[in-house]
Every structure is written in C-alpha cells, then in structure tokens.
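**Q** Sequence:
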Amino acid sequence: MDFQTRKNMKEKMAFGALRLFSFSIIAILFFILGYIVINGISVVSFDFLTKMPEDGMTKGGILPAIIGTLCLMVVSLAIAFPIGVFSGIYLNEYIKDGWFKRFINLMTNNLSGIPSIVFGLFGMQFFVNQLGWGDSIIAGSFTLAILVLPVIIRTTEESLKAVSNTFREAASGLGASKWQTTYSVVLPIGMPNILTGLILSMSRVSGETAPILFTVAAYFLPQLPHSIFDQVMALPYHLYVVATSGNNITESRPIAFGTALVLIFIVLVLNLLANWLRKVLGSKVKMN
Numbered sequence: 009m010d011f012q013t014r015k016n017m018k019e020k021m022a023f024g025a026l027r028l029f030s031f032s033i034i035a036i037l038f039f040i041l042g043y044i045v046i047n048g049i050s051v052v053s054f055d056f057l058t059k060m061p062e063d064g065m066t067k068g069g070i071l072p073a074i075i076g077t078l079c080l081m082v083v084s085l086a087i088a089f090p091i092g093v094f095s096g097i098y099l100n101e102y103i104k105d106g107w108f109k110r111f112i113n114l115m116t117n118n119l120s121g122i123p124s125i126v127f128g129l130f131g132m133q134f135f136v137n138q139l140g141w142g143d144s145i146i147a148g149s150f151t152l153a154i155l156v157l158p159v160i161i162r163t164t165e166e167s168l169k170a171v172s173n174t175f176r177e178a179a180s181g182l183g184a185s186k187w188q189t190t191y192s193v194v195l196p197i198g199m200p201n202i203l204t205g206l207i208l209s210m211s212r213v214s215g216e217t218a219p220i221l222f223t224v225a226a227y228f229l230p231q232l233p234h235s236i237f238d239q240v241m242a243l244p245y246h247l248y249v250v251a252t253s254g255n256n257i258t259e260s261r262p263i264a265f266g267t268a269l270v271l272i273f274i275v276l277v278l279n280l281l282a283n284w285l286r287k288v289l290g291s292k293v294k295m296n
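With the working numbering, the residue at position 264 of the sequence shown is 272, and numbering never jumps.
Rather than coming from a laboratory, the hints here were simulated on the basis of the structure. Bear in mind the structure is a predicted one, so any value in this text is a computation, not a measurement. Please note that a few of the clues may not be correct.
Only pairs whose alpha carbons sit at most 16 Å apart, straight line, appear in this in silico EDC-like list of lysine to aspartate or glutamate [unchecked claim]:
1. LYS169 - ASP105
2. LYS67 - GLU259
3. LYS186 - ASP55
4. LYS169 - GLU101
5. LYS109 - GLU166
6. LYS67 - ASP55
Quick list of the computed label-pair ranges, beta carbon to beta carbon [to be verified]:
7. GLY140 - VAL45: 26 to 36 Å
8. LEU182 - PHE54: 51 to 61 Å
9. ALA22 - LEU119: 54 to 64 Å
All C-beta atoms, glycine included, are put in the ideal place defined by N, C-alpha and C.
Turn these sequences into a full structure, and let the hints guide you.
**A** Have a look at this one:
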C-alpha cells in the first residue's frame, strides 16, 4: 500500500468519524425531543395553555407560568442587552490593548463561569433584601440579566472585531467621528452576529431555575402579574415542582412533560424569530 493510498484511507476514516459524531448528536437531540413530545403532547391543549393551575397543579393549565417566563425574559434582556452591547463596543472600539482590557476580559470570563445558584443567592441578598424589592419580577430580571451579561458582552466584542478596519478607515476619511463611525457603520455590520448573543441569552434565561428560585418564582400562584414588583410562576420552576413534589407525582408527571414541551416550543419560536431578524438585518447590510 503506497503513501497516497494510506493518506486517502486515513482521510476517509477521519471524515467518517466526524460524520458519525455529527449524526450521533442529531440522533440524541431527536431522541430527547421525541421522548418529551410523546409523553407531553397528550396534555397540551387550549385549556392547558390558557387556564390557571388547579388542585395542587395536578389539573388545570399553566398560563401564569407562561406569562411569568415571558415577563422575565423580556425584562431581563431589556436590562442586559443594552448594557452588554455598549460594554462590548467600549471594549473593542475605545479601550486600548493593555492590562486593563485584559483584566476586564478576565473578570467577564470569570463571571460567565460562576454557577447560576450563586447568582440566585446574590440576587436574594441584594435585590430582594437590601433594595427591598422582595420576590418580584424586577428582582428576578436583574439577577438573570447579570447572569447572561457576559455572553452578550463577549458576542458583541467578537462581532465588532470581525468587522474589517476598511470600513472604519473609510468613515474616518470622510470626516466621521469615532462614535459616528461606530454607531452608523461598525454596529450595523456587526448587529446580525450580535443577535446571536441575544439568542443564546434568551435560551438561558428561559431555562434557568436556581436564580429565580430565590428571587421571584412562586410555588403556586394562580393569577397573572400586575406590575414588575409582583411575584410570578415560571415554567422552569413549575416543571421542577411538578416533577418532584406533590402527593401524587405519577398523576402529575404528564403535566411535567407538557410543561417541558411548551418551554421548548417557546424557546424554538423565539430562536426562529431572532434568526429571521438576523437574516433581515444581514441582507440590509449587504444591500447598503
């Protein structure tokens, strides 16, 4: 067997292994989704999505948990996204390379590696107790915002770093200031990729249980919130409670699978919406 033949065989084996791993990941994903769909689809109905929970959450619907989850996602991302984007702009466009920038990046990386339950304990002590907000949407949203902030900062920084310096030089040559160049040229080009950070943040916010456990989530609250200072139910915590607590776990197990299916569907819809928005912004940038 000559050298070229051995080389081709090794290449085929390597690509075969990569295909096997890729298909394995897809198979695992479809197995998990299929298992949840099979066990939860019988529970999901119009009443399940629009009614209040009843009889210790063994009957009725999950409307308060759905609304509570959406409220937490909207408020937390409304807090984290602007702060994260402006921080990423500052790190990439304004601050010079040096020890201070390296220190900020190190702290950002460390923040992203902190377990979520630590954020929950911090939110309970600072937002709930020190600021006197109590268990509320605003306390839980600020806690979740801090949790996802490193992802948004890092994604923004990398997205702007990928923008060619040619655009900056051209805008500067036309007399644009640093901020005008960043706001009118660099940021629109990088925005489609920045939305990737938003997508990742939405997925994480919607599925976190530990932070909201200490700051906002209610065990059983069959009513909708009226302000950001109200306590709410949330799908992740509701799923945990239904699956692990109660007098008859076997009876409530289908509700847990139905809740999981609704949570996955919400994340899927929001991801598709964000991807669509990213494509629209990307096409506008290309046209301009």
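**Q** The structure should be examined with respect to each hint, and the outcome stated for every one.
**A** Hint check results:
no.: 1; hint: LYS169 - ASP105; verdict: holds (13 Å)
no.: 2; hint: LYS67 - GLU259; verdict: holds (9 Å)
no.: 3; hint: LYS186 - ASP55; verdict: violated (55 Å)
no.: 4; hint: LYS169 - GLU101; verdict: holds (9 Å)
no.: 5; hint: LYS109 - GLU166; verdict: holds (14 Å)
no.: 6; hint: LYS67 - ASP55; verdict: holds (10 Å)
no.: 7; hint: GLY140 - VAL45: 26 to 36 Å; verdict: violated (44 Å)
no.: 8; hint: LEU182 - PHE54: 51 to 61 Å; verdict: holds (57 Å)
no.: 9; hint: ALA22 - LEU119: 54 to 64 Å; verdict: violated (37 Å)
Consistency note: the structure conflicts with the earlier hints numbered 3, 7, 9.
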